[in-house]
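Respectively, the protein sequence lines represent chains A and B. Per this note's numbering, residue 28 is the first one in the first sequence, and the count goes up by one each step. Per this note's numbering, residue 186 is the first one in the second sequence, and the count goes up by one each step.
Take the hints with a grain of salt, since some may be wrong.
[Stated by the list, open to error] Pairwise CB distance ranges (calculated): (1) B:VAL390 x A:GLY111: 41 to 49 angstroms; (2) A:ALA320 x B:ALA271: 53 to 61 angstroms; (3) B:ASP429 x A:GLU71: 45 to 53 angstroms; (4) A:ASP335 x B:LEU262: 24 to 32 angstroms; (5) B:ALA271 x A:ASN110: 26 to 34 angstroms; (6) A:THR221 x B:VAL276: 40 to 48 angstroms; (7) B:LEU232 x A:THR457: 41 to 49 angstroms.
Quick caveat, the hints were computed from the structure, so don't treat them as lab data. Fair warning: this is a prediction, and the values are worked out from it, not measured in the lab. We treat Cβ as the ideally placed atom computed from N, Cα and C, and that holds for glycine.
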Amino acid sequence: MRITKRAATVALLTAATVALTGCSAAGTSGGSGDGDAAACAPAEGKVELTFTSWIPGIEDVVDVWNEANPDIQVAVQTGPNGNGGTYANFFNQLEAGNAPDLGQIEYDALPNFRVQDGLVNLASCDGVMDAKADFVDWTWGQVSFNEDDAVYAIPQDSGPMAMFYRADLFEANGIAIPTTWEEYATAAEQVRATGAYITNFSQGDINQFAGLVWQAGGTWFGNDGDNWNVDLTGEESIKVADYWQDLIDRDLVSTVPAWTTEWDNAYNSSAAWTWNSAAWGANSIASGAPDTAGKWAVAESPQWEAGDEASGNWGGSSTAVFTGSEHPYEAAQFALWLNSSSESLTMLNEAANLYPAAKAGLELPVLKEGVEFYGDQPIYDVFAKASSEVSADFVWGPTMTQTYNDVSDGFKAAVSGNGTLADALTTGQTATVDALKAQSIPVKE
Amino acid sequence: MSALTETPTVIRPAKRGNTPVAKVAKESPLSRVGAMTVMLVFTLYFLIPIWWLFIAGTKSSSQFTTTSPLWFADFNLFANIGNLVAYRDGVFLKWMLNSALYAGAGALLATLFAAMCGYALAKYRFPGRELLFNIVLGGVLVPATALALPLFLIFSQVSLTNTFWAVFLPSLVSPFGVYLTRIFASASVPDELIEAARLDGAGEVRTFFTVSVKLMFPALVTVFLFQFVAIWNNFFLPLIMLRDETLFPVTLGLYAWNSQVNQIPELRGYVLIGALLSIIPLIVLFLLLQRFWRNGLGAGSVK
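Okay, chain A solo, but in the shape it has when bound (with noise of 0.2 angstroms):
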């Protein structure tokens, strides 16, 4: 038994290198030109593909996919989202040799499959390139990590960023709709004056934060080809930590975490007036504070400074081809009509509430509608001009799960009263050159 045991760890462990090693041979080979073409050609006759993505009711828009494609089936395959154990069933499936075709993978985990030699690179597949022009750019600079001929995946959706609040509750109140921080700071005391709060700081949300550094122009990693850059305590960084930790102090936003009964009840009962969020948010609010139907408005995220026009990004995710893919090119064809074609996002979106990272789909029929529980306001105009106004610089590292943990314990600290938001991005640092180091991931000091 144990020897049996042993002999198939032993053949395991060899298959899995012969398979690592042929994939980043054939990686290799590709950035230097013909062997890529040939890598991602198309193949003869009929191919059938398998696609693993969390979305409830993705199959619906599989099948009209292979309605439509004869020559190339693809079957869904499903699990819990990516953190949830997803992420963790394809890094054990690379191993094992038996990957789907497809995956759906979050921006911010793109870069971990990346150092694991998980991802084709798509840029030789016809019409990937070409398809640039059909995405928004700093979605593109996503699953690119802003490399030329370089395309790990397609974009599929986006969480451009904007604020939900209390429309009448400002009015009643006689307080201006903030369109800087400062002047949110200023609003937060005139509403904390009412009993309520502006707004809560999620503790939990380290990716709500990271969009609002993204906002204010900081980046949190940077790759020169050779060494990772860490860098979660720029100055940009730091003014949002500052920012916020000043709010805490002075008690003018709540702590509580996102999500929970609580939270829905402050919404529900007025006590919160504002959310920082994305685009996807707006069925949060829907479903948690029903008794506030048409009472909210969704405006610009406020401006650091007066004037400017920056938005910030919170979530979204991909469609990857993993290595081990015997039909890249085919893979390719499909993620790019699932995330460009408008009858795709449009049911995707019906579906499970996907904000598109296609520009065709920015201006789909269902988002231009007036949203009744936003009191009618066609509130996706605004996430579009939030999402043109994107940095494409922003780049994930690739221990992300590591670095929202350590970011977070601080964050919990910081909201309890031990040390502060911007002590918490220092530890996240260290903690996250460290991780990279045991990783064996160059990384610049």
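Starting from the known structure of chain A, fit chain B onto it as the hints suggest.
Here is chain B on its own, set in the frame of chain A:
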């Protein structure tokens, strides 16, 4: 989902408590009150989450956050169940059936195998018997979660991942069952009886099924229940093995929905009502079989 594992504990202490209490009563009323208080606290501790779940299941999504979590608002239980069953062509019912199949058939076969193995270890003398038994005992110590990843890699080699068998086959193994049945068999199946059966001309297999199984029945029910609950609650193995939604057990399906709640808020209602429905089979099973379960557990620990 952890409420599921707690269900057995709810029933056991309450029932078991009755006997000692009756004896102790003559000695000191104080210790009786003390024991009752402790039990009451624990009963509440285990039952309140279930009560909460039941209440949550009866509410419409808009009333869920806005009304008291421990008391009724408008009674929408049946409407909620209707919506859940209708959602995505009844995929929830499919998950319940899958769970019933994995747990029911899996536990039945696991019990049979464990019984045969334990019986053989108890009643036949052969070289390496103790070694074998000790290895099985070692298996009790290894948590199933730790084996999930190696199992995935092995199943990958034979292309069995993402199939029914990927979850079903590992469920057939119950080292604890072997341990329990061995202890029980050596205590409750007399050698003389087996000898008599042999003299009457029964083969070994027939002796096992017609004589020994009947004597070992309480232990077998215990093993069955134990394994049924373990498979029903098993979450990590299906999470790692399965990608096809139509193969999911109910635990994994609800977990997958729950991970989407931020983006698709209406799923929260389905998760709640689904969790409520998913514990009913376990409760029913325990109410029906609890006295066997108690006897079997006692036998394993004392004899």
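A quick look at each hint next to the structure:
1. B:VAL390 x A:GLY111: 41 to 49 angstroms: About 47 angstroms separates the Cβ atoms of B:VAL390 and A:GLY111, which means 41 to 49 angstroms holds.
2. A:ALA320 x B:ALA271: 53 to 61 angstroms: 25 angstroms, violated
3. B:ASP429 x A:GLU71: 45 to 53 angstroms: Distance hint for B:ASP429, A:GLU71 is violated at roughly 28 angstroms.
4. A:ASP335 x B:LEU262: 24 to 32 angstroms: 52 angstroms, violated
5. B:ALA271 x A:ASN110: 26 to 34 angstroms: 30 angstroms, holds
6. A:THR221 x B:VAL276: 40 to 48 angstroms: 46 angstroms, holds
7. B:LEU232 x A:THR457: 41 to 49 angstroms: Distance hint for B:LEU232, A:THR457 holds at roughly 46 angstroms.
When held up to the earlier numbered hints, the structure conflicts with 2, 3 and 4 and fits the remainder.
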